[in-house]
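When you get a sec, could you build the whole thing from the sequences and use the hints?
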Amino acid sequence: MTEMMVRRLPADFGSSATPEARAEAERLTGDWLAVDDGAKPQSFWVETFKRFLENKVGVGAACFIVLLALAAIIAPWVAPHDPLVGVATDRLMSPFESSSHILGTDEQGRDLLSRLIYGGRLTLIAAFVPTIAATVIGTVIGVTAAMMGGLVQTVLMRSMDMLYAFPAVLLAIAVGASLGPGLANALIAVTIVSVPPVSRVAESATRRVVTKEFVDAAKLSGASPVKVATSQIVPNVLNDIIVYASGLVGVAMLIAASLSFLGLGSLPPAPEWGFMLNSMRNSISIAMFNVMLPGLMIFLTSVCFNLASDALREATDSRL
Amino acid sequence: MTRLTLRRLAYSIPILIGVSIVCFLLMNVLPGNAAAGLISDQMTAEEKYAAEEGLGLHDPLPVRYWDWLTKVVQGDMGYSAQRHRDVSELLGQAWANTFILAIVSAVIGVAIGILLGYQAGIRRGRLADKLVSTFSLAGLSIPSFFLGVVLLSIFASKLRMFPAGGWPGLEEGLGSAIQSLVLPVATGSLVTVGITARVMRAAIVDVMAADFVETLRAKGLSEFEVRKHVMRNAISPVLTTSGVQLGYLLGGSVVVETIFRWPGMGTLTYNAISSRDLPVIQGTMLIIALAFVLINLVVDIVQAAIDPRVRGTLV
Chain A
19 MTEMMVRRLP
29 ADFGSSATPE
39 ARAEAERLTG
49 DWLAVDDGAK
59 PQSFWVETFK
69 RFLENKVGVG
79 AACFIVLLAL
89 AAIIAPWVAP
99 HDPLVGVATD
109 RLMSPFESSS
119 HILGTDEQGR
129 DLLSRLIYGG
139 RLTLIAAFVP
149 TIAATVIGTV
159 IGVTAAMMGG
169 LVQTVLMRSM
179 DMLYAFPAVL
189 LAIAVGASLG
199 PGLANALIAV
209 TIVSVPPVSR
219 VAESATRRVV
229 TKEFVDAAKL
239 SGASPVKVAT
249 SQIVPNVLND
259 IIVYASGLVG
269 VAMLIAASLS
279 FLGLGSLPPA
289 PEWGFMLNSM
299 RNSISIAMFN
309 VMLPGLMIFL
319 TSVCFNLASD
329 ALREATDSRL
Chain B
248 MTRLTLRRLA
258 YSIPILIGVS
268 IVCFLLMNVL
278 PGNAAAGLIS
288 DQMTAEEKYA
298 AEEGLGLHDP
308 LPVRYWDWLT
318 KVVQGDMGYS
328 AQRHRDVSEL
338 LGQAWANTFI
348 LAIVSAVIGV
358 AIGILLGYQA
368 GIRRGRLADK
378 LVSTFSLAGL
388 SIPSFFLGVV
398 LLSIFASKLR
408 MFPAGGWPGL
418 EEGLGSAIQS
428 LVLPVATGSL
438 VTVGITARVM
448 RAAIVDVMAA
458 DFVETLRAKG
468 LSEFEVRKHV
478 MRNAISPVLT
488 TSGVQLGYLL
498 GGSVVVETIF
508 RWPGMGTLTY
518 NAISSRDLPV
528 IQGTMLIIAL
538 AFVLINLVVD
548 IVQAAIDPRV
558 RGTLV
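Note that the protein sequences, when read in sequence, are chains A and B. Residues 19 to 338 in our numbering are what the first sequence lists, from first letter to last. Residues 248 to 562 in our numbering are what the second sequence lists, from first letter to last.
Derived by calculation from the structure, the hints in this document are not laboratory data. Some hints here could point you the wrong way.
To be verified - As a list, the in silico BS3-like pairs of lysine-lysine whose alpha-carbon atoms are at most 30 Å apart:
#1 A:230 to A:245
#2 B:295 to B:318
#3 B:377 to A:68
#4 B:475 to B:377
#5 A:74 to B:377
Quick caveat: nothing in here was measured; it's all calculated off a predicted structure.
If you want it as structure tokens, here you go:
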């Protein structure tokens with residue numbers, strides 16, 4: 019094996035290389051990296067993060083989400099009352115009416131502030147878990163389809179098209195209805211709805227990458243298809259997918275809230291915001307502010323998810 | 248053009264088959280299956296077996312799918328054990344109401360969205376643009392059930408300007424029909440306005456940056472004429488989303504109809520969810536998915552007809 023060849027290979031996947039050749043390749047790489055030519059390695063995400071910080075609206079939105087997450091994590095210590103136990107005589111108290119219930123109480127006399135803080139847990143779970151699960155599944159499907167091509171691609175992408183033929187909310191409702199109510203089932207329903215769009219993005223990104231020379235080089239040096247996918251393709255398509263998936267977080271949250279509004283989410287008495295709005299909505303003429311609070315929280319959180327995702331997309335756009 | 252239409256038509260056949268498979272599998276393979284309502288816990292094992300046999304539950308899945316599909320094609324969508332009526336009968340009374348609401352919402356939402364997006368696009372970076380962007384972000388982010396509850400409490404309970412829900416039908420005269428349409432349409436169409444305005448703004452900004460706009464101005468065309476050209480070139484992506492919007496409105500009807508007690512498929516579905524009346528949910532899904540596929544088909548063909556650039560990309 020000549021020195022030139024060792025230099026050119028992106029990584030040595032072949033089993034035929036001798037230990038000496040490997041050591042030589044490593045030494046050459048080390049020599050090459052040791053030369054300080056003033057060029058600093060640039061990480062895509064570090065650069066993106068720097069640009070993201072310049073966007074004040076995006077940072078504000080991200081701060082809101084971080085605060086919400088913090089409150090959700092330390093809920094047992096910050097919530098003034100038990101979110102599940104109410105006092106029957108304290109029903110639908112207005113905000114600031116009593117010093118112990120700053121935001122008032124709900125129709126069963128439970129402290130609204132505590133319920134909102136604990137509800138943040140469920141909302142954040144419903145926003146992130148399905149999106150992350152769908153990103154993983156969608157990436158696997160999309161990358162597999164585009165790499166294999168032919169029949170595999172047709173079958174995989176056409177089955178995604180079938181799921182695409184349903185409006186997202188309706189599909190989630192149908193899956194939720196046939197699985198039955200419950201947080202886990204709602205998460206599954208939202209995941210199923212989010213997989214097709216992710217897999218489409220993954221597939222088209224992979225098709226762009228798969229024809230590049232470095233993929234051929236990896237194949238020629240003996241890498242298995244799985245190795246090519248994990249070491250060459252995924253690192254090159256993941257950025258696109260993550261940016262796209264960030265836009266799905268808010269959508270997933272809204273669909274999950276709709277499911278729980280319809281009684282398909284967490285079971286009562288869990289303080290899920292969508293369900294809180296539904297169970298209180300008959301009292302809206304007596305206690306308008308109390309009823310609107312959970313809805314306002316959903317609205318605010320969803321606005322912040324959308325703003326943060328817009329800012330992230332702008333930050334990754336190298337044309338700007 | 249004819250060949251293109253035929254090919255696009257042929258392409259929707261596998262999609263339709265896929266839709267029917269998804270509908271069938273969702274309601275038959277998952278734990279709580281469609282027959283659960285017809286088999287009670289008090290039955291002995293033999294009675295249960297006989298009842299399941301009568302429903303054909305012991306046949307292999309493909310056989311059951313084929314039986315189900317042949318019935319659906321003939322208009323038999325199963326029987327709602329909870330409501331003691333045929334599903335096709337229930338849906339037959341409800342589907343028109345749902346479509347009226349969805350179409351009115353889509354038309355109004357898309358029209359306002361185009362208007363706002365256009366104004367924002369040609370005034371890029373100015374106050375109008377920022378206002379429209381904020382508004383469309385709010386429209387995208389607001390959960391429709393929250394908006395519906397708020398609108399109901401303000402305009403129906405407090406101000407008594409509009410009825411608190413229900414739908415008198417078109418027979419009661421146009422006036423009362425429009426009155427009961429206002430709040431549900433406002434609730435449903437806000438998302439559509441938001442999405443359409445965003446897409447329209449982006450398209451206008453893109454087209455305004457194109458070289459041909461410069462050429463038109465250099466040629467001495469009036470600003471009005473230039474904008475007509477810009478509009479023609481920017482409308483295509485909006486058309487694509489507006490088809491999808493109508494589908495989303497149909498799907499979102501479950502939430503909106505529930506709040507406004509609208510006698511459509513959405514309310515039927517909501518009631519079916521609480522009683523786990525799966526045949527009704529399956530019927531709603533089938534009809535809405537069928538409509539969604541047809542809408543996308545029509546949108547694609549119309550788009551190819553008005554925009555030659557799209558013709559090459561179409562399947």
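Hint consistency between residue 74 of chain A and residue 377 of chain B [alpha-carbon to alpha-carbon, up to 30 Å]: Holds, at about 15 Å.
Holds or violated: residue 377 of chain B to residue 68 of chain A, with C-alpha atoms at most 30 Å apart: The hint holds at about 24 Å.
Proposed proximity, residue 318 of chain B with residue 295 of chain B (alpha carbon, max 30 Å): holds (24 Å)
Pairwise hint evaluation, residue 377 of chain B against residue 475 of chain B, where the allowed Cα distance is 30 Å at most: Status holds; Cα separation ~23 Å.
Holds or violated: residue 230 of chain A to residue 245 of chain A, with C-alpha atoms at most 30 Å apart: Between residue 230 of chain A and residue 245 of chain A the Cα gap is close to 16 Å, so the pair holds against 30 Å.
Violated hints are absent here; each numbered hint is respected by the structure.
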